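Visitor: Residue numbers (the numbering used here), protein chains in the order written: chain A, 1 to 665; chain B, 1 to 226; chain C, 1 to 247.
FYI, nobody ran anything at the bench for these hints, they're computed from the structure. Bear in mind the structure is a predicted one, so any value in this text is a computation, not a measurement. Treat each hint with caution, since some may be false.
[Unchecked claim] DSSO-like cross-link-like pairs, simulated, lysine-lysine; straight-line CA separation at most 30 angstroms:
#  : chain 1 : residue 1 : chain 2 : residue 2
1  : B       : LYS132    : B       : LYS156
2  : C       : LYS171    : B       : LYS199
3  : A       : LYS6      : A       : LYS649
4  : B       : LYS199    : C       : LYS148
5  : C       : LYS148    : B       : LYS193
6  : A       : LYS570    : A       : LYS252
7  : A       : LYS512    : C       : LYS11
8  : A       : LYS401    : C       : LYS148
9  : B       : LYS193    : C       : LYS171
10 : C       : LYS16     : A       : LYS570
11 : B       : LYS196    : A       : LYS395
12 : A       : LYS374    : C       : LYS148
13 : A       : LYS401    : B       : LYS196
14 : A       : LYS395    : A       : LYS411
15 : A       : LYS411    : A       : LYS308
16 : A       : LYS512    : A       : LYS200
17 : B       : LYS81     : C       : LYS105
18 : A       : LYS567    : C       : LYS11
19 : C       : LYS25     : A       : LYS411
20 : A       : LYS399    : A       : LYS374
21 : A       : LYS308    : C       : LYS25
22 : A       : LYS643    : A       : LYS525
23 : C       : LYS148    : A       : LYS399
[As the list claims (entries may be wrong)] Short derived list, chain B residues pointing at chain C, Cβ under 8 angstroms:
#  : residue
24 : SER7
25 : SER8
26 : VAL13
27 : LYS81
28 : SER84
29 : SER87
30 : ASN98
Using N, Cα and C, we set each Cβ at its ideal position, and we do this for glycine too.
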Amino acid sequence: MALDSKIPEGPLADKWTTHKNNIDLVNPANKRLIDVIVVGTGLAGGSAAATLAELGYNVKAFCFQDSPRRAHSIAAQGGINAAKNYQGDGDSTYRLFYDTVKGGDYRSREANVHRLAEVSTNIIDQCVAQGVPFARDYGGLLDNRSFGGVLVSRTFYAKGQTGQQLLLGAYSAMNRQIGRGKIKMYNRHEMLDVVIVDGKARGIITRNLVTGEIERHSAHAVVLGSGGYGNVFYLSTNAMGSNVTAAWKAHKRGAYFANPCYTQIHPTCIPVSGDHQSKLTLMSESLRNDGRIWVPKKLEDAKAIQNKTLKPTEITEENRDYFLERRYPAFGNLVPRDVASRAAKERCDAGFGVNATGEAVFLDFAAAIIRYGKEQAHIKGLDENDTEIIDKLGKDIVKSKYGNLFQMYEKIVDENPYETPMMIYPAVHYTMGGIWVDYNLQTTVPGLFAIGEANFSDHGANRLGASALMQGLADGYFVLPYTIGNYLSDDIRTGPISTDSKEFEEAEANVKKQVNHFIQNNGSKSVDYFHKKLGKIMWNKCGMARNEKDLKDAIREISELRNEFWKEVKVPGESNEFNEELAKAGRVADFLELGELFAKDALVREESAGGHFREEYQTKEGEAQRRKEFQFVSAWEYNGEPKDAKLHKENLTYKNIEVKERSYK
Amino acid sequence: MSGFFKSSVGRKVAMALSAFFLMFFILQHFAINILSVFNPDLFNEVSHFMGTNPLVQFVLQPILIFGVVFHFTMGFILELKNRSARSISYAVNNGNANSSWMSRNMIYSGGFILIFLVIHFIDFWIPELNIKYVIGDTSGLLADGNYRYFEELQHKFVPIWRVILYCIGFVFLALHLLHGFNSAFQSIGANNKYTKSIKGIGKAYAVLIPLGFIIIACFHHLTYTH
Amino acid sequence: MNLTLQIWRQKNAKTKGKIVEYPIKDISPDMSFLEMLDVLNSQLITLGEEPVAFDHDCREGICGSCSLYINGEAHGPDRRVTTCQLHMRKFKDGDTIFIEPFRAKAFPVIKDLIVDRSAFDRIQHAGGFISVNTSGNTQDGNAIPISKHDADTAMDAATCIGCGACVATCKNSSAMLFVGAKVSQYALLPQGQVEATNRVENMVAQMDLEGFGNCTNTGACEIECPKGISLENIARMNRELMKASLK
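Extracted from the complex, chain A is given alone in its bound form:
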């Protein structure tokens, strides 16, 4: 099947408007006859479920958590971008579009990104109307901050909990519809398969995580908003339950999986402290507004820091290497995430890391404290040279801006970041890859849609900070509810979908077979054992820097590990009860397949772009080297074993933006 991205004709800026005007609509009376399943209740799924219900569709929403409010969008800290230009700093739809395409290393679809930039402003208005308490200035107007990879202030925020507030906004919109009976909410339900009837997605099979019951649910269309697959690395900033299962099952039923190798490694996370570690904690990118990143200039200083015989505050200015400021003077500490992460890895690999494992760099607020302190002293008419006053005033400002993050850091690391620089290291954070979708967000399976992080999205090979929230809500509030109408307009006479068809039966039997296998398997190793092993392979061989040999090894090792998993995994308990190990086993089984496809995708992509860095393809300065012949989306068709997946290419063309070397110098 040839990939058709269905991008509307016409000038870039008019495409979305024209498309909306030409889309088939479903009249309100008919919407009542149509059911839509939404899997996942994060920003994308939650906002889509609410909006679809407002429009009049009967929505069934599913989440594996005990409440939609706990989806992992809640953990996003920093903010959400929108081209409002409230600061008058020259922002515009085009500039947001441009920054996003460039930030994505010219690997995203122009038309999608422009649409995203267009609706970004609506998101802010919508959220304010919902009662999202965005930060405001003293005049009562919305405040902005800046994020990496851009030269304007367009990020709206709610303290360090923007994702939480936006999600609670979407959740409140859902609540209204649940109260009205337009959304039927299924908490603690995990989707374990998509059901395809006559070539169209017509339902899903779920497991009730409390009772263990396998259930059939039918609908006229299925929407996946099930998030990313960063947990294939075991250690990531994702929630423990975040998984690829819904997306992977869709893939196995015919949805192409695009660009799995594009993974975002976030530069500012708390470093790993030991083998017991279950997850990594992100420190918001907003910290890079004021924090300066450095390592010692001299190797012996680095060694002394690693051995704890030297304190970071004892290293003088001239012996510090502010490597981001040195390498990228124009953007400094605010370079995009992929660039910052790689630069940190480069220093640590060279031996300049600053914690016991040698895998950490400093994020220092001392300069910011002094700068703010002087500013405040000036405003208050106090002595600008009194270091004590300045220190106090400066710390107060830093506390007001980042207090909760500093507190979190201190709780985890047991060090006071006001007194000694923070230590940070990159960690897996977001996956740009995902299910391939066309302009309508429909996958290669008719009637199956993917939104938010679950699709391969608008971020190309690298996502800019504060754009994930934007994309999730854009898809859910403003794009999918329109484009899905185009598909559903053909279904107004279909009537209710029966769950008694042989397709449902077959899918349910498959799910039960897998569940029974896990319960009956007489293995000896826990699910986590395999997950951790997979994570090690992924991090070491498909992590921040990749090469052909490692990737080939990874494919082989993952395949072997998968075989071992099916033979040796031990799942205690029963299938007809709450059984977390059973749920985890299913998720890890899918990660073990996805991981292999991931490595294969990375192997095939013989270039460096954004989050995908191939050591063979770098410039003399060690920057990513893009290659013209790889200006395409890799969309993989399932074909049995992951290594047999078939590649389809969607060529990317840039008519409104000049493809340049992506420089932040």
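Add chains B and C to chain A, keeping to what the hints say.
Guide: Chains B and C in isolation, oriented as in the chain A frame:
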């Protein structure tokens, strides 16, 4: 409005309003009693007024009784309801880590105050009713022509057991008020920039008023000379 | 560190539960409390026993999944943290640690340490929203200026993560801090004014229906709340309901 008082929030507002009324009553009760220490004549006159004025006797007194009964009944009902909100209790519960003993044991301090009140009614109030409405003597005079109130008060505090009983009763009142005063303000939604001051006043009230009553009891016990 | 754990085990909602003792060795002080339980569970799985079920997800203190009543306090002895952010350095070698589920009639146990907190969701369904459809035509976000103080206070209320520590801690299993926080967030914003009357009445009515106890202002919820939600929010809810009842 009737729906309001059926809601959990409404009931706690009702508790607070009755508490305010009772706290005001205690304040005026104290104000009159303390006169007995400084000015027995004035005490006698005010007592006679309070004991015979029809407005006080037939309007305020029933309201007071209603307030007392309401506060206790509602308190017990809420306590039972609150207990039923947790069917299995914790094996280990460290209440001291997050709340004061007083706040967690209002039902006990309140219960002891109720016992005290019953005794107090039997001791003071029923004999009063007996004299005024059964015997029908509303003159308020002793055989010698003087007012009987101060004389009776002093006489009451001769036995040490009664003084001790009163002291215990008022200690419980203090404990009850230490939480109750501020709690009542919180219940009616007064939590604002004045809260700090209210808390200070609350503590002072909770300690000083019961202490004052104790001092009155001790004073009369020690100064009775007949 | 070596510890003795006393953990509530309960097969499902219908069976009776009991406290079971588990000794555990070689715990690193850098572990989070949940990572310590991970270690216990991996040992139990190796021994062929059923692991202890507990709710958890984000492990960074924001999703509100993790619960646990640890040594008599919701989310354990540390302040302003959830259980996933509680570190073992807060305990001493040789300690005995009691781990129980959040207890309230409105939060029935599902298994072991997992409770059903859907009562919170139902309270939100009753009124935890502003009735605005998604249209793209709402007025500009800056059309109504909101004083920084009100926006910040609303934000403070809105940081509630819905974990239920307030209910678990409250001697009366009252949910008023949770409900008060939500009522407050909307009451403080002009967008929330239109429906203020219905919202507070419906949410309080649903809260009562769910079987939560009444607030007696002990203030324990505020102390144990991982997000430090203030008692002011309960007072504000009380005011809002009084206001509503007079309308």
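Visitor: None of the hints should be skipped; say for each whether it holds.
Guide: Evaluation of the provided hints:
At roughly 18 angstroms between alpha-carbon atoms, LYS132/B and LYS156/B fall within 30 angstroms of each other, so this suggested pair holds. Between LYS171/C and LYS199/B the alpha-carbon distance is near 22 angstroms, which keeps this suggested pair within the 30 angstroms criterion. Annotation: proposed proximity of LYS6/A to LYS649/A holds, straight-line Cα distance about 15 angstroms (limit 30 angstroms). A hinted pair counts as satisfied when its Cα atoms are at most 30 angstroms apart, and LYS199/B with LYS148/C qualifies at roughly 27 angstroms.
With a CA separation close to 17 angstroms, the supplied pair LYS148/C and LYS193/B stays within the 30 angstroms bound. The suggested pairing of LYS570/A with LYS252/A holds, with an alpha-carbon distance near 25 angstroms, which does not exceed 30 angstroms. For a cut-off of 30 angstroms, the pair hint linking LYS512/A to LYS11/C stands: about 23 angstroms separates their Cα positions. For the proposed pair LYS401/A and LYS148/C, the alpha carbon gap of about 15 angstroms is at most 30 angstroms, so the pair holds.
Between LYS193/B and LYS171/C, the direct Cα distance comes to roughly 27 angstroms. Compliance with the 30 angstroms bound is thereby established for this hinted pair. Between LYS16/C and LYS570/A, the direct Cα distance comes to roughly 27 angstroms. Compliance with the 30 angstroms bound is thereby established for this hinted pair. For the hint linking LYS196/B to LYS395/A, the alpha-carbon distance of about 27 angstroms falls within 30 angstroms, and the restraint holds. Between LYS374/A and LYS148/C the CA atoms are separated by roughly 24 angstroms; this keeps the pair inside 30 angstroms, and the hint holds.
Using a Cα cut-off of 30 angstroms, the hinted pair LYS401/A and LYS196/B holds, with the two alpha carbons roughly 27 angstroms apart. Distance restraint check for LYS395/A and LYS411/A: the Cα-Cα separation of roughly 18 angstroms lies within the 30 angstroms cut-off, and the hinted pair is therefore satisfied. For the proposed pair LYS411/A and LYS308/A, the alpha carbon gap of about 20 angstroms is at most 30 angstroms, so the pair holds. Taking the CA atoms of LYS512/A and LYS200/A, the gap is near 23 angstroms; set against the 30 angstroms cutoff, the hint holds.
Straight-line distance between C-alpha atoms of LYS81/B and LYS105/C comes to about 11 angstroms, which keeps the hinted pair within the 30 angstroms bound. For the hint pairing LYS567/A with LYS11/C, the CA-to-CA distance comes to about 28 angstroms; that is within 30 angstroms, so the pair holds. Taking the CA atoms of LYS25/C and LYS411/A, the gap is near 23 angstroms; set against the 30 angstroms cutoff, the hint holds. Taking the CA atoms of LYS399/A and LYS374/A, the gap is about 16 angstroms. The hint holds against a cut of 30 angstroms.
The suggested pairing of LYS308/A with LYS25/C holds, with an alpha-carbon distance near 28 angstroms, which does not exceed 30 angstroms. About 25 angstroms separates the Cα atoms of LYS643/A and LYS525/A, which keeps this hinted pair within 30 angstroms; it holds. Of the pairs offered as hints, the one joining LYS148/C and LYS399/A holds, with about 18 angstroms between alpha carbons and a cut-off of 30 angstroms not exceeded. Look at SER7/B: its Cβ gets to within about 5 angstroms of chain C, closer than 8 angstroms, so that hint holds up.
At its closest, the beta carbon of SER8/B sits 5 angstroms from a beta carbon of chain C; the interface hint therefore holds under the 8 angstroms criterion. Nearest Cβ of chain C to the Cβ of VAL13/B: about 6 angstroms, under the 8 angstroms cut. The hint holds. Interface hint status for LYS81/B: upheld, as the beta-carbon distance to the closest one in chain C is roughly 6 angstroms, under 8 angstroms. A hinted interface residue such as SER84/B counts as satisfied when its beta carbon comes closer than 8 angstroms to some beta carbon of chain C; here the least separation is about 7 angstroms, so the hint holds.
Because the beta carbon of SER87/B sits about 5 angstroms from the nearest beta carbon in chain C, less than 8 angstroms, this interface hint is met. For ASN98/B, the shortest C-beta to C-beta distance to chain C is roughly 4 angstroms, which falls under 8 angstroms, so the interface hint holds.
In terms of the numbered hints stated before, the structure departs from none.
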